[in-house]
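> Chain order of the listed sequences is L and Z.
The first sequence runs 1 to 889 under our numbering.
The second sequence runs 1001 to 1617 under our numbering.
If you are wondering where the hints come from, they were derived from the structure by calculation, not from laboratory data.
Please note that a few of the clues may not be correct.
Now the stretches of chain L that chain Z is said to cover, found in silico as 3 or more residues with beta-carbon under 8 Å [what the hints assert, rightly or not]:
hint, stretch
1, 642 to 655
2, 680 to 691
3, 718 to 727
4, 769 to 782
Below 30 Å or equal to it, Euclidean Cα-Cα: the simulated DSS-like pairs (lysine-lysine) are [stated by the list, open to error]:
hint, chain 1, residue 1, chain 2, residue 2
5, Z, Lys1353, L, Lys774
6, Z, Lys1489, Z, Lys1201
7, Z, Lys1354, L, Lys815
8, L, Lys815, L, Lys760
9, Z, Lys1353, L, Lys819
10, Z, Lys1119, L, Lys609
11, Z, Lys1208, L, Lys587
12, L, Lys836, Z, Lys1354
13, L, Lys801, Z, Lys1413
14, Z, Lys1119, L, Lys606
15, Z, Lys1354, L, Lys824
16, L, Lys823, L, Lys801
17, L, Lys659, Z, Lys1258
18, Z, Lys1413, L, Lys718
In this text, a Cβ means the ideal position worked out from N, Cα and C, and glycines have one as well.
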Amino acid sequence: MWCGPLELVHRPAWPGPGQLGQKVSSQTTALLRNPWRKEKPASARPVLEIYSASGVPLASLLWKSGPVVSLGWSAEEELLCVQEDGVVLVYGLHGDFRRHFSMGNVGGPGGWGKGMESGTLSLPQPTTPLSRRCSRTGFWMPGSSILSLVLGWLSSQEPTASPSVPTWVTSNSAGCQRCQVSPDTPGAAFTAHRCAFCPWDHQRQKLWALGSLRWSFSTTIGLQSAPSCWTTVCQDRVAHILLAVGPDLYLLDHAACSAVTPPGLAPGVSSFLQMAVSFTYRHLALFTDTGYIWMGTASLKEKLCEFNCNIRAPPKQMVWCSRPRSKERAVVVAWERRLMVVGDAPESIQFVLDEDSYLVPELDGVRIFSRSTHEFLHEVPVASEEIFKIASMAPGALLLEAQKEYEKESQKADEYLREIQELGQLPQAVQQCIEAAGHEHWPDMQKSLLRAASFGKCFLDRFPPDSFVRMCQDLRVLNAVRDYHIGIPLTYSQYKQLTIQVLLDRLVLRRLYPLAIQICEYLRLPEVQGVSRILAHWACYKVQQKDVSDEDVARAINQKLGDTPGVSYSDIAARAYGCGRTELAIKLLEYEPRSGEQVPLLLKMKRSKLALSKAIESGDTDLVFTVLLHLKNELNRGDFFMTLRNQPMALSLYRQFCKHQELETLKDLYNQDDNHQELGSFHIRASYAAEERIEGRVAALQTAADAFYKAKNEFAAKATEDQMRLLRLQRRLEDELGGRFLDLSLHDTVTTLILSGQNKRAEQLARDFRIPDKRLWWLKLTALADLEDWEELEKFSKSKKSPIGYLPFVEICMKQHNKYEAKKYASRVGPEQKVKALLLVGDVAQAADVAIEHRNEAEMSLVLSHCTGATDGATADKIQRARAQAQKK
Amino acid sequence: MAFPHRPDAPELPDFSMLKRLARDQLIYLLEQLPGKKDLFIEADLMSPLDRIANVSILKQHEVDKLYKVENKPALSSSEQLCFLVRPRIKNMRYIASLVNADKMAGRTRKYKVIFSPQKFYACEMVLEEEGVYGDVSCDEWAFSLLPLDVDLLSMELPEFFRDYFLEGDQRWINTLAQALHLLSTLYGPFPNCYGIGRCAKMSYELWKRLEEEEDGETKGRRPEIGQIFLLDRDVDFVTALCSQVVYEGLVDDTFRIKCGSVDFGPEVTSSDKSLKVLLNAEDKVFNEIRNEHFSNVFSFLSQKARNLQAQYDRRRGMDIKQMKNFVSQELKGLKQEHRLLSLHIGACESIMKKKTKQDFQELIKTEHALLEGFNIRESTSYIEEHIDRQVSPIESLRLMCLLSITENGLIPKDYRSLKTQYLQSYGPEHLLTFSNLRRAGLLTEQAPGDTLTAVESKVSKLVTDKAAGKITDAFSSLAKRSNFRAISKKLNLIPRVDGEYDLKVPRDMAYVFSGAYVPLSCRIIEQVLERRGWQGLDEVVRLLNCSELAFTDMTKDDKASSESLRLILVVFLGGCTFSEISALRFLGREKGYRFIFLTTAVTNSARLMEAMSEVKA
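Next up, chain Z with everything else stripped away, as it sits in the complex (with noise of 0.2 Å):
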């Protein structure tokens, strides 16, 4: 089943001119420091400089040999050494040793630090308390935003999410607001912004602030995407913790897919080399099936092979100009495609093997149970069981925010008990771990007894509705709950399904759950953009926590056209995974929206919990 739009979807843009614009700036920070250079790259920033400038490209600037920035003395013997870092400390202090070390071997050579996307304050002041600020010369390379597909861009800044929602550290903020700045004086002004969460707030007001002060280039232009919609990822945990069943969610909880591109091993090529493939629109394969449920892509894929084989088969009886038209015109396309066929059923095969060992119907069984939010006991020896055996810590912990979430915080025992079991199996350090998901929200325990509850429903019983959610924000200011029950139910994310729900023909956005549960995250989208802002839906942003934090901003001159009404740029800050993508993908299709997608970083499950978890170094 392909993923046909409808005829009148809008046409996205075009975004490679994004990466035009970071290769150029790159080029010219390079041309900067002329003569030959050695280039030491962040290990972070080696996927995506691939997208931007291959080593050709950077050999053409007079780049000599490149290294890894890693914590070891370097072996360059340049006369000219070129950092391109992150903003991080831990940089600063490698290269200021690395200074240090030339000085005292009494060496002079020219050092230049690029800084991408942005340079801190902090970073500047770490390299002057080192000594070393006068002896380098610092740069910003803005590459904020690289497309990883059509309707994708990336900010490939992982450490956001814990950054922001874990230490509360705005700095990236101002990045963000840069990023939707230049989309703006790139693709016209954005008319209508609706979002959801602090930090969706903060880079809204800074963005638009950016905009005043350069007031006048993006006015009198017409509007290219005329929705833009911000959230948090601390609105859906639920949805990011989930396992995810749809092909390319599946192939980067499985894989880990990096930077658009995936790494093959040998059990998947069926060779003994891995392979890296670059998994996009232009996969033409792969885009058939990205947004399938897994259990149609082996059907999907064993079809196509035999189509594949009825086109290879037409050359029998061909006279000879036909065959030499065939080789000439049709056999290269035929073998490209054969070999991504191959590739992705390597893949499947692969997948499924990992699945079935690990009980994977078991496991998805247990998050739906938690979900839905029956079988409580059951679902929590289950997760008892998985840390006893040491089945995966990520997935352990995974499974234990799951239930804390949709449980509104664990039961004191379960809490203790839970923690207990898990430093037993995975030692003491994830006492910090689990401190650390205490304060994200993630990992909670139940306020003694649900007192609040009660007093909330004789309260509300007593006054009219929004003075009891005034009362009620104020006790969930001392204890944010998640209230995932209460939000499943409002907004009917879990679909009463009579029957067998048919994933071949998904009915709503819950197939890329196995029909099981509508993803939080899309469902606001929707319920916005249906009725465009926020009204009616109160009680849900009041449940969120969001109260003050829900905002929608409507230009009054209705410049935008209807087609551009319909091209739609959804933000998530602190990542989103390629399941919501996904459904989003599916709701754009049935309501004739295209989505473009802007994320911090592609994240999944296991990358929350690891941003969260303390491991020893």
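With the rest of the complex left out, here is chain L (with noise of 0.2 Å):
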């Protein structure tokens, strides 16, 4: 069953007559939002104008570039116009000039469409339930990545061809491996504007396809003439090629070309005027010089059904119109004043034009525009169908029935209930019901339907009621939207195609934020993925109004935005700075919570003092690092460590950098500075890291030794004098004695020299230096020590009263293993180290004796714990007779 042409504008505002040229090509994305614009082919200027679904208009602009070959609109509803020389103009919905790209210039004979005649240029349709998001501006790429742009192009050296011949072909490549992404479009949102293209070259019969920018072939098949008609078909996500010349059909891909015939075609076709492919690139339709119309599936290998109108003028277009997952298969074809529903029937449908029309195939149906009308051709949908047939007795049709009679008052609402209940239906008439109501765009029928449903529900015990109210939210989504001030009059099928999302996205592009909120707060959609966002593009567009001051402006956005979860100020900021808004860019970015976000656009306006405190803030040293680069290169060195001065985390880090990377710009550091402190260090560093030669040495102490006096650190410099003498003094020795002296520290220094047996020289350079007297004895005592020089210790002990104490020569002796010298320093231990130095040497009994002697406690203990085995017995019992008379005592 089909519908006739339902009008769906309700006010048409299509300019007058006349002015509906052939140029005009139109498209319209799934929302059916269907924007038209025109130009003028008159000497002056044409003009493009952008008009909504409903006619109102919304751009106009006087076409300022080169020859225009055709128009067409992505699938993010950007307005692509191809000129003749392969530039593709990008523009936006509200005719703001976006981007441009080229094509290239192929090269074939006459440059790009010079004489354009016809042309159509389809886009790629979010249809194919493969389809999958892709974008958060709700782009869609079509499962099967088939994209397919369509440019008519007629040669001015065949001024005779048909007129629809075109010889240019281009198609997207399916192939994924070469639809890579083009160097100046980035992102998948641009993929629709991956074309192939295909120039006929006339003079050398060549067919030259040609990948836009990553891909090319070209084949070269032995036409003696132009095609007639060609299309893109997709098998197996490749796109090919079909090509009609004379009665033979070619399928071209990137590397062969090969012939096909569709099976069961009728004899005697000598040309195929026009043909046809599905919405959902199934299905074919040849349309041939005899008024036949074959239709099969795209693959060409299986007929479906054939027709002949026995009209042999060639048809201005023929689109496929079916419904998904409908059995009916529909060619609607047009002629100037006639329309015609052909199809798997001997009878074909025949609609009068009444003015020139255009055809636009979608999802569910065809959509036709003329000048002052806009219609949806479609096939009626099941369960409208079984609801409003003539006498139906379909369960829905007897609740709907039932419900009307209900509300009249009358009995017969029980019967009717009865009857659909009696045979177990009212679960399914409750259902068709819902999804009748669904399809219709009245709001009266919608309500009516739905009443019906909800009737039905009642007398239902456990009905899931959420189809219901999805229904009921849908429609109320769908009718706000189809409102013609709004002008996106969807269909069902195409808004649950295109999910709430994609539609948010379309009212944004219109800048209908208010009504997106709605929808949003209505439906509940959570705030990141809902209002936030919306917000957030209202704000890009809110920065652009150049009229309000940069302080209303920002003042306003956050009023509105706040502290919305998910906003970001900064991409608002770059927006605004974007427009040549430094200030309010400025000022927006003070309501960015995040302070790293903040930099890198601070840095792109050139504000990088303020990017260097907002990346201090951010506690990223990374960001600090990019930020002090940065000004590094902008600044001269001067301003660059002033700015440094006052960051101290900067600093460090920068000081951090230096110091493995840039030594000398780290001396810089501390001098800008006055840092004597850590310039005196530095240069004692290099005293020993950088420099080699004993001069140059020195010389790094001397101006270390200055750096330090100007610091007031005196410790530090006279150390640092001291360290010169010795280096020096160090030279000489290894001159005089050999040996390795440099980089020995004092001590060790004095040690060499003992052991060596200079003991002269030792004393002389501990005079000199004035080693104090304790390091000199125990600096001797244990250099004598390790020559096992006892002879010399001995003397040394006695050369006057040791200021360390004896003990330590009775360590340093039983150290070696010496215990007869050990034995005659113990002697001279003063009384309160004997005891150890009794026990040190072994000497178990006198150490108790001593012990016993001073009464000590701690000492007794000591001693106790020494005394091991038997041999020790006695002096234990000693010890242990001694504590308890003192404690007697």
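Two chains, two frames, some hints: make the complex.
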């Protein structure tokens, strides 16, 4: 069953006749939102006009670029204008220029599409069930990745060719490996622009297919004349070009060209006038010069049906019209004033067209545009047919009837209801009513169907409510966007296919922010996906309002956005900066809670110092470093250092870097700061790390000492000077005595001298450097014991009274396992340490005596702990006795 | 004495997940470079890597040969080189020189640099400056938390201490915040947070910001770990500078525990080989003695040895069936225990030998005197002698620092003379070491006279305490003073002991220092947990110079179970010592808490001093 064209436009507002020239090409996105734009082919500059689907003018601009070959809409609702020189200009919905890219000059004869007569530009439709959403702004890439861009071009060299003969073939390759994102169009959002173009080289009779940027192929086919019509088809995710030349059909891909024959094609065909591929790329229709229409699968393996309309005139347009999952298939063929629907039936349905019309195939029907109307032709959905068919006894129809009777308070309601319930079909009835409501365009009808469903539901125990609720919500949203002020006449199936997110994106594109937010709130979408995203878009639009002052814009934005989660103020600021409003951008950045996010934009705006403090605030050292390097290049050295000086965190970060990578800069930094202490340290380090020669080292030390004096660190300065003296001395010692002295500490230098028997020199050195007595004694003691020069040691011990006592002598002798020598010194140990000394030499008995004599509890315990085995038994007893005695007292 | 936890103590979360995550990520990164490749590993990363993925796992993912990153030309002949390094500039220079050498030789290979735990922009800069940025590919191995034990997570970043506390370099704070974020995503949110110190505050703020940005992930999850405490190392240097006397600490001081394992030399193993031993809770013998004061360890081990013998002896008089049972079931366990026992006895002997040789008792006595603040002159001359005798540069330095911090800086005369002595003993480059120590506040000179204190006390008599506090703050910002003595009095860090402190039955956390001193860091944690915040500790916080830097953050909604509230994550920024870990484990046992430790690295006094020391290359 087919429904006649349904008028969707309440108030047709297209301009008067005569303006709809041949260059009008129309595109409906799945949103059905159908802007209409035209150019006057007049001698004056053409005007590009854009209208909403309900005929509300959106934009109008004077065309100043070169001759346009074709126009088309992308799935992102951007207008692509292809010029004959291969440049494609991209405009927004409101006529704002976005960008341009070039398809390259292929070098076919006659340039790009000169003398263009007609053509179509069809862009990807977000329709196939496989489609997947691939970008936030709602660009759809069909699962088959087939995007086709068809440009019609008539060679100026063959003015006699039929107007519908295109010699420019463009198709997008679906082969994923070849589908690389072109460098000038980053991101998946621009996939639609990846096209291949096949110029027809008339002189060499060669068909060139050239990838826009990354791949190219050229296929030579032995054609004697230009093709009469062509289309792109898709098989196994690969795009092919189907080309008709005379009675022959050729299938081209990037590598080969093969002749094909549709099965069951009626004989007598001498030329194909028109071909059409269905919206899903599954079916193909061919119109021959005999008025015969062949319909089959796009793979050309199977024929579905055929029809002979007996009209030999070439049709203006031929498109498929079908509904997803429906068995009915039909093709709509349009001539100047006639519209014919043909399918698998002996009869066709014909309509008369009052005006010039243009067909746009869609997911579930065909849109028909004319100057004054916008109509939709589609197959009546099953549910609606069941309910509204004359004398239908379907459960849904009965339920609708029952509800109507109920409202009239008639007992017939009960009869109908019983009838359905007896058959147990009430759930189906409700379901049918809900479904049919979805396909209705008039709110009154929707309401009555929903009322019927609701009525039926009352008699069901367990009917899940969500399908009913969801339908009510969906219809409310749909009715809102279908309003002619909004002008997005979507059908229910299209809406479902599109998803609410894409619908919201399209509303945002039309700057219908309040409606979008209301929808979000109504559907209770999560804030991040819904309201805040729309607010962010709004803010990005708001910053472009140049007539409002920076303060007002910033305040307005902050008032609306507040701390809404998921809104990035830095993105908005970036947009403001993009519009040249630096001050506004800075104001907006102040609202950005994450200081790290502010930095890149601040740098871009050359507010490096502000960026530095923000980077420091963020705590991200990498960010700080990035800014630092930026500053280093931007400022002269002095200013750079001054900036660092006020930012200790950045300064220490930069110092760390310099320590490893730029030592000289480090020195300059200290110099700049008059940091003499660090400067001194720097030179000290240099004295042993960087300098090899002794002169260089001394010089470095001298510089260090000077710096230390400046830093008022006299201790360090003196120590450095001592070191200079020592270094020179060590050098002399090496020269005179041989051996290694350089880099020894003072202590080790003296020790080395003693060890090599240079006692005199050692003492001289000790005097020169004022080595304290205690140290000298320790030093000599250790050195002599190491030499095992016991004689000298004894002499030394007697040289004067030891400033360190004599216990160390005992210890050191025992360390060398010389008990004999140790005992000599043990006797000289002072009384406090006597016990310890005696124990060290192993004289437990005497130690015990001393300890008892001292009456020292701790010493006695110490001796006791050294009493081991039988030998010391007596001693132990002695101590115990003494202890007991002591306690008695 | 084993360490029984109270029956109501909460279970520890399973941290092995962190290892699995790190391993999977590493494997993924290795697979990014398909085919055979040679792996160059930075020395510092070798031990941590070993705990994550052993050689056979690396081989499975086509790592051919392993090299150490050192300053030598690479001998590798592989076509693909992979570098696993810390983000350090010197490593970048090494890699760049290698790539450039290849370029000169006309050789093209694939190079991949994997930074762990993260990549720094400065590193990429250096690669760029050296002209090899385009030749290498860079990746990050976000391996920041290594579970060394069931309750100990280490970031294995010893340089954190020097970088932050000496150089003021904040780059690791981000890494730390990321690590905390990882923990909170894996183990639920932390409802209660406390912290003290500048670094702690910054890390905390950065971490919270990360949480906010990835809102919602942890929301609604029940917290597993109820409380977290962040503590800067510079809040308490004293504890870290003391000689350790609990077994685990002593083993660390003596043999150096590296990444949870220790190399026991021949003198311990009583064979001619050294042996690498993993020290953690799985070692049953070790687990029982690790937190013990050293004086108890020997008697415990000998008791254990006797028990073991008794168990062995049971096999006498067994019939065949019993014997079979014994061999198949118990013998292996016994043998294992036997092996461990003999190792630890060997270690103990070795420690005893070393410690008596150096007059350990004297040293400890001096330390205690410093902590308690008496006989300062004697201690000073002890230190001087220590330096004169060239006992150990690190030890001498440590004692000097301890003296300085406990005494609010050295008196100018001592400051000069000790430094002079030290330079004479160990070389002039230590002039830089002293400059470092001064900057870090570890070794300072007393402000001329104690005029500040005098003014302060006068002022405090005149105005209220709060105002006085503010004035003191102003002064202390001029000369940051440690105020150890005052803090010690406020927090009662030196327990008053009547009679002998029984180390076998510890009464308080002071047992980790032979009953002489309660670790300051642990006391602060104890107090804050008890008070659930910093109320009443204002004076202490002021004395610590942390007036603006102590924070509390409690979540309002009480989803945290009482059990989770008793599970506490303690984060030490700049490292913690085993003594502190033992002390907190003790506290946990007393109060029914379980502590989890997260540290930038396990440290001890020697490591701290080495980090500050300037050494000739």
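> Of the hints stated earlier, which fail here?
none
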